[in-house]
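Take the sequences, apply the hints, and build the full model.
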Amino acid sequence: MPLIVTPRRLDAFSELYHQLGSMLASGITLVQAVELIRTSPPGPSFRSRLDRALDDLKQGSTFSEALANRRGWLPDFDIALIAAGEKSGRLDACCRRLAEYYKDRARLIRSVLSDLAYPAFLILLVILVFPPNALANLIWKGDVAGFVWPKLGTLAALALAELAILILNHTGQARWFRAAWEEALHVIPILGRARRAMALARLTLALEALLNAGVNIIEAWTLAAAASGSPALERAAAQARERMIAGETPGEAIARESVFPAKFTSLYRSGELSGRLDQSLGYLHSDYADESARLYKRMAEWTPRLVFLIIAAMVGYFVVSFWLQYFGGILDSLDAATQGR
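If you use this note's numbering, the sequence shown corresponds to residues 532 to 872, in order.
Honestly, the hints are just simulated from the structure, not real lab data.
Everything numeric in this text was worked out from a predicted model, so none of it was measured.
Fair warning: there could be bad hints in the mix.
Derived DEER-like restraints, expressed as beta-carbon distance ranges [unchecked claim]:
{"id": "1", "residue 1": "N600", "residue 2": "A676", "range": "46 to 54 Å"}
{"id": "2", "residue 1": "L656", "residue 2": "L804", "range": "54 to 62 Å"}
{"id": "3", "residue 1": "M845", "residue 2": "D582", "range": "47 to 55 Å"}
{"id": "4", "residue 1": "S571", "residue 2": "I841", "range": "43 to 51 Å"}
{"id": "5", "residue 1": "G813", "residue 2": "Q563", "range": "17 to 25 Å"}
{"id": "6", "residue 1": "F661", "residue 2": "Q810", "range": "53 to 61 Å"}
{"id": "7", "residue 1": "I719", "residue 2": "R766", "range": "58 to 66 Å"}
Don't be surprised by glycine CBs; every beta carbon is placed ideally from N, CA and C.
Below is the structure:
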């Protein structure tokens, strides 16, 4: 799935999984359900992929295998949950959980984008207006080129940067880029915490589904870490896997990895010892999903304030610079007049 997705696309996936879950729960076979959905797919690009998935199903592939063959369409998270649902005989329930997951993500992104629309407009306005002397030259001297070309250069640089990110994300050898991108974003205080919480929420949801499907705990950790979408969690799970194979419990193994918060390891180990790991994972998923949503909302609330402060600082700088130049010119004129006498 692309690095940048729109709420409409997320809604389309939510509708896809909702229809699948409802049809399977009503007794319709998987092949029949896919055939019905492909006649009126939720998204315009879904029909061709569902056609190929349907062909794979008829040739004996499992649903998760058929979807995995459509590279770039679905994330590992979806495929891991669908595979778990197939193994446990609860594919309808897994589809419903995916539908809820995508609906919540679409709602969150739509809310954040709505809050960020005004700051984005202000940033664009700043790019167009500043520096004021270029605007003054445009008005008083008609210097169109001096005003337009720097603005176009700035906008082109931003567009090229976004295009480069999208291209790198779509390449098959982008693991190094994903890791570097994650590290860069985690430096940003609120955004970094929100992304970490979202990755942990995906990890716990996938791990719970895989364990309920009867997948071996060591293999489940590897698959769930891949489904989390976080290279840091994947590396930590790979290191913990070696210790699990050596005889440590998963709780002991992950406790040595700093990427897992103390709250996560504590609740995981308590569930492990009490035999109620599924309940602990369900609680962790809900807790981290709520934390991620709360942090994204906070980021959306604070971004306008930061933009206002930056604009105020820029305006103040240019105003002070203008008056310094103005009074400097007056003083120079007075000095010249005095020396002329």
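Quiz item: Can the suggested window of 46 to 54 Å be confirmed for the beta-carbon pair N600 and A676?
Solution: Given range 46 to 54 Å: holds, Cβ gap about 53 Å.
Quiz item: Do the Cβ positions of G813 and Q563 conform to the proposed distance bound of 17 to 25 Å?
Solution: 32 Å Cβ-Cβ, so the 17 to 25 Å window is violated.
Exercise. State, for the Cβ atoms of I719 and R766, whether the hinted interval 58 to 66 Å holds or is violated.
Key: For I719 and R766 the Cβ distance comes to about 21 Å; the hint is violated.
Exercise. Take a look at whether the Cβ-Cβ distance between F661 and Q810 falls inside 53 to 61 Å.
Key: The hint (53 to 61 Å, Cβ to Cβ) holds, given that F661 and Q810 are roughly 55 Å apart.
Quiz item: Does 47 to 55 Å hold as the CB distance between M845 and D582, or does it fail?
Solution: The hinted range 47 to 55 Å holds for M845 and D582, with Cβ atoms some 54 Å apart.
Quiz item: Does 43 to 51 Å hold as the CB distance between S571 and I841, or does it fail?
Solution: This hint holds: roughly 47 Å between Cβ atoms.
Exercise. Check the following: the C-beta atoms of L656 and L804 are separated by a distance inside 54 to 62 Å.
Key: 57 Å, holds
Comparing the model with each numbered hint stated earlier shows that hints 5 and 7 do not hold.
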